Amino acid sequence: MDAAYNLARWLVRDDHDAQDVVQDAYLRALRFAGGFRGGDPRAWILAIVRNTAFTWLKRNRGSNSPAEFDESMHHGDIVDAGLEADAVRSADANMIRDALNELSDEFREVIVMRDIEGLSYKEIANAADLPIGTVMSRLARARAKLALSIKGRVTREST
Amino acid sequence: VNCDDARILLHGHLDGELDVVRDLEVERHLEECPNCAREFATLRAMRTRLRDETFRFEAPSASRIPISRCRCVTV
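Protein chains in written order, with this note's numbering: chain L, 1434 to 1592; chain D, 181 to 255.
The set of hints was computed from the structure by calculation and includes no laboratory data.
Given the structure is predicted, the values throughout are model-derived calculations rather than measurements.
Note that the Cβ used here is the ideal one computed from N, Cα and C, for glycine as well.
Watch out, some of these pointers could steer you wrong.
Said to hold, decoys possible - Just a sample of chain D residues kept apart from chain L, beta carbon distances all over 10 Å, derived:
1. 182
2. 200
3. 204
4. 205
What the hints assert, rightly or not - Stretch-level coverage of chain D by chain L, calculated; a stretch enters the list once three of its residues show a Cβ under 8 Å from a Cβ in chain L:
5. 215 to 227
6. 230 to 240
Build out the structure end to end from the sequences listed, making use of the hints.
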């Protein structure tokens, strides 16, 4: 399933490691198939991929667990994100890719799950074990950071 | 809805995740507030870009057949 690989690839940022995460996630899915409680099976698989990827990141790269992620708003995260749609439209795809890769794992995952994979807030909340309100506020911060980063790259490129 | 609230709620609005009442409140705020409207336009532009296929990684053929590698792993 391309979606599983796509999510894993964005989360661990390496082709080979992403393949390992997907294999491991499929094995977990087979083991826990009895725990599937209905709903969209794609979202269920992606939740397993997401959790497998975070376990992998913690074990191999020492990333903080999502539970330790600082959820509070910080000044500057959203304020002044007055963000220039034109810069986003004109940005080179590589700029956007680099900007996304530079986000923290917790910010990158919500953007990939929502904007690239199209999961609902509820599906993201289930996958990441977060309240739905936190999904929205985390998306807000993640998108603000991404937009500012893209804008910065476009500005640097044009000077 | 004030601007502080709107900066979060814009996302629910963009994603179609707000209830009808909240959604209308945000829409009304966007009509009245050029700053939030500009931010919303940016968010929508970013969403459009991110949905492009160019940001999807295609799985290498080997991982399309995951079961083939299961034989050596204890489940």
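Inset, instruction - Evaluate the condition: distance from the CB of residue 182(D) to the nearest CB of chain L exceeds 10 Å. - result: holds (13 Å)
Legend entry - Cβ separation check - residue 205(D) to all of chain L, threshold 10 Å: holds (15 Å)
Legend entry - Verdict on chain L covering the stretch 215 to 227 of chain D, criterion of 3 CB contacts below 8 Å: Result for this restraint: holds, n = 10.
Inset, instruction - Decide, holds or violated, for the assertion that all CB atoms of chain L are farther than 10 Å from the CB of residue 200(D). - result: At about 16 Å from chain L, residue 200(D) clears the 10 Å cut-off, so the statement holds.
Legend entry - chain L over the stretch 230 to 240 of chain D, status - at least 3 residues with CB closer than 8 Å: Check passed, 10 qualifying residues.
Inset, instruction - Find the nearest Cβ of chain L to the Cβ of residue 204(D) and say whether that gap is larger than 10 Å. - result: Correct as stated: the minimum Cβ-Cβ distance to chain L is 17 Å, above 10 Å.
In summary, the structure agrees with every hint in the numbered list given earlier.
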